[in-house]
Amino acid sequence: MNMPLLKLDGVDKAFGAKRVLRGVSLDVARGQSLVVIGGSGSGKSVMLKNALGLMTPDQGKIFFDGEDVTNATGRAREKMRARIGMLFQSGALFDSLTVWENVAFRLINSEGMSRRDAKQCAIETLKKVRLGADVAGLYPAEISGGMQKRVALARAITSEPDLIFFDEPTTGLDPITADAINDLILEMVRGLGAAAVTITHDMASARKIADEIAMLFEGKIIWRGQAADVMNSGNAYVDQFVNGRADGPIQPAI
Amino acid sequence: MTNPLQIIGRVTLSLFAEIGRLSVFAGRVATAAVTPRWYMGEIVRQMVRIGFYSLPVVGLSAVFIGAALALNIYEGGSRYGAEQFVPNIVVLGISRELGAVITGLMLAGRVSAGIAAEIGAMRVTEQIDALETLSASPDRYLYAPRFLAAVATLPLLVVAANIIGVMGGWLVSVYGLGFDSTVYLRNTVDFVTRDDILVGLIKAVLFGGIIAVMGCYQGDRSQAGATGVGRAATLSMVGAAVLVLAFNYVLSTLFVEIGL
Numbered sequence: 001m002n003m004p005l006l007k008l009d010g011v012d013k014a015f016g017a018k019r020v021l022r023g024v025s026l027d028v029a030r031g032q033s034l035v036v037i038g039g040s041g042s043g044k045s046v047m048l049k050n051a052l053g054l055m056t057p058d059q060g061k062i063f064f065d066g067e068d069v070t071n072a073t074g075r076a077r078e079k080m081r082a083r084i085g086m087l088f089q090s091g092a093l094f095d096s097l098t099v100w101e102n103v104a105f106r107l108i109n110s111e112g113m114s115r116r117d118a119k120q121c122a123i124e125t126l127k128k129v130r131l132g133a134d135v136a137g138l139y140p141a142e143i144s145g146g147m148q149k150r151v152a153l154a155r156a157i158t159s160e161p162d163l164i165f166f167d168e169p170t171t172g173l174d175p176i177t178a179d180a181i182n183d184l185i186l187e188m189v190r191g192l193g194a195a196a197v198t199i200t201h202d203m204a205s206a207r208k209i210a211d212e213i214a215m216l217f218e219g220k221i222i223w224r225g226q227a228a229d230v231m232n233s234g235n236a237y238v239d240q241f242v243n244g245r246a247d248g249p250i251q252p253a254i
Numbered sequence: 001m002t003n004p005l006q007i008i009g010r011v012t013l014s015l016f017a018e019i020g021r022l023s024v025f026a027g028r029v030a031t032a033a034v035t036p037r038w039y040m041g042e043i044v045r046q047m048v049r050i051g052f053y054s055l056p057v058v059g060l061s062a063v064f065i066g067a068a069l070a071l072n073i074y075e076g077g078s079r080y081g082a083e084q085f086v087p088n089i090v091v092l093g094i095s096r097e098l099g100a101v102i103t104g105l106m107l108a109g110r111v112s113a114g115i116a117a118e119i120g121a122m123r124v125t126e127q128i129d130a131l132e133t134l135s136a137s138p139d140r141y142l143y144a145p146r147f148l149a150a151v152a153t154l155p156l157l158v159v160a161a162n163i164i165g166v167m168g169g170w171l172v173s174v175y176g177l178g179f180d181s182t183v184y185l186r187n188t189v190d191f192v193t194r195d196d197i198l199v200g201l202i203k204a205v206l207f208g209g210i211i212a213v214m215g216c217y218q219g220d221r222s223q224a225g226a227t228g229v230g231r232a233a234t235l236s237m238v239g240a241a242v243l244v245l246a247f248n249y250v251l252s253t254l255f256v257e258i259g260l
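Sequences listed follow chains X and S, in order.
Per the working numbering, the very first residue in the first sequence carries number 1; after that it's consecutive.
Per the working numbering, the very first residue in the second sequence carries number 1; after that it's consecutive.
The hints are simulated quantities; they were obtained by calculation from the structure and are not laboratory data.
Please note that the accuracy of each hint is not assured.
Chain X is faced by these chain S residues, among others (derived, beta-carbon under 7 Å) [unchecked claim]: (1) Gln-127; (2) Thr-133; (3) Ser-137; (4) Asp-139; (5) Asn-187.
Okay, the calculated beta carbon distance ranges per label pair [as the list claims (entries may be wrong)]: (6) Thr-253/S to Gly-137/X: 43 to 49 Å; (7) Arg-45/S to Glu-142/X: 44 to 50 Å; (8) Ser-252/S to Gly-137/X: 46 to 52 Å; (9) Arg-45/S to Asp-27/X: 39 to 45 Å; (10) Gln-226/X to Gly-27/S: 46 to 52 Å.
These numbers were taken from a predicted model, which means no experiment stands behind them.
Here a beta-carbon is modelled for each residue, glycine too, at the ideal position from N, C-alpha and C.
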């Protein structure tokens with residue numbers, strides 16, 4: 001068995017008295033698409049931010065490609081980030097830059113590519129997410145939510161990462177646009193041979209893009225299995241979640 | 001919980017914690033500003049936004065302050081028959097104090113709060129996280145350019161404020177108080193020293209740093225939502241204005257001590 005590309009080992013994270021992650025352990029193999037499901041406030045986003053190094057765990061370790069990156073700084077962190085793409089929930093496009101400048105941001109600002117070459121690259125990447133060169137010069141505020149998601153996806157894949165994080169990629173989109181985004185994610189992940197970690201509570205999306213599904217509940221991974229098995233997992237918590245029932249072992253978060 | 005000593009203790013502790021956090025942040029930004037790499041495009045863009053676009057507000061403030069100053073000095077001076085000193089005191093007050101203070105205060109509002117709102121909105125929409133994931137340090141890409149731009153352009157704005165402020169005093173003196181234009185200008189130029197100008201410029205550099213750091217700091221710490229971003233803007237404006245006035249006093253004392 002190969003070494004996992006990303007490994008979280010017993011990660012704890014608390015904010016004041018609130019313990020959000022309580023020993024999360026998770027690994028993702030190269031080229032594997034893992035979807036982490038879980039309710040609102042179950043700690044999905046915090047887990048992702050720890051894996052990316054945007055937050056530092058209180059306890060536990062994070063390994064990327066075999067290297068301990070838990071407290072990595074400077075060059076080690078940059079080296080890791082250069083191989084990771086991230087699609088933020090809100091897109092997080094820089095609204096002071098045009099669409100193509102967003103997509104080419106890493107090429108221009110971290111890899112030192114000339115603006116002209118970077119623009120060509122950006123237009124090529126935009127094509128992959130089915131956006132024409134005509135949107136390249138627009139600002140993020142001038143395009144629709146679904147298009148913003150696609151631009152953000154293009155930005156995440158521009159430098160052909162080995163691992164892509166998707167934070168609720170379909171939230172806030174209509175079902176048809178959401179499914180188009182799912183298709184694009186599948187296409188990008190397969191096309192690049194990249195591993196993907198997606199956090200979502202959209203079950204349709206989870207079943208479509210996952211090889212494996214894991215469920216996060218109260219700061220721990222309580223179940224993990226093949227995507228096909230998620231509907232009959234035999235786990236009462238998973239059952240309640242995937243069927244969207246208000247009554248069961250999980251108390252609704254209201 | 002209602003023990004007054006506890007409240008005093010808690011307030012004191014949180015005050016020092018805040019000063020500590022702000023100092024660490026300022027150190028980080030200053031370090032990023034003086035070490036490579038520099039995003040030149042961003043620095044130029046911020047110089048235009050912070051410096052050039054602030055000219056109208058600084059100019060308008062300065063002309064009215066200079067005019068009011070001349071009127072009051074005339075009124076006060078006439079009680080001792082010392083009206084002829086209006087040009088001297090106007091140029092001294094403006095170049096050593098008011099030019100820098102007015103510029104600092106106006107930019108605490110226009111620039112510091114603007115930066116805080118912009119950075120705050122970027123923080124709450126995850127744009128700052130996105131910068132980091134794209135291997136661009138927010139210290140270098142966002143904060144250092146604003147810091148450098150403010151530190152570089154504030155002295156220029158203060159020069160403009162000084163000239164326009166003196167002009168405000170001249171306008172009132174010549175057209176309202178019956179001064180002779182040539183004599184007024186001659187007195188002004190003969191009286192002001194290089195040190196007087198220098199004092200204002202040194203203050204301007206410091207005020208520029210305060211204004212940029214305060215805006216970036218409050219924006220970076222901004223809480224989610226419209227309330228959070230609004231609060232960041234308010235806090236940075238108030239913080240920057242108070243610090244500008246406090247440091248103005250400290251520097252004025254220092255300059256008088258060393259005879260500058």
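Hints and how they fare:
no.: 1; hint: Gln-127; in the structure: holds, 5 Å
no.: 2; hint: Thr-133; in the structure: holds, 4 Å
no.: 3; hint: Ser-137; in the structure: violated, 9 Å
no.: 4; hint: Asp-139; in the structure: violated, 12 Å
no.: 5; hint: Asn-187; in the structure: violated, 48 Å
no.: 6; hint: Thr-253/S to Gly-137/X: 43 to 49 Å; in the structure: violated, 54 Å
no.: 7; hint: Arg-45/S to Glu-142/X: 44 to 50 Å; in the structure: violated, 20 Å
no.: 8; hint: Ser-252/S to Gly-137/X: 46 to 52 Å; in the structure: holds, 51 Å
no.: 9; hint: Arg-45/S to Asp-27/X: 39 to 45 Å; in the structure: holds, 43 Å
no.: 10; hint: Gln-226/X to Gly-27/S: 46 to 52 Å; in the structure: holds, 51 Å
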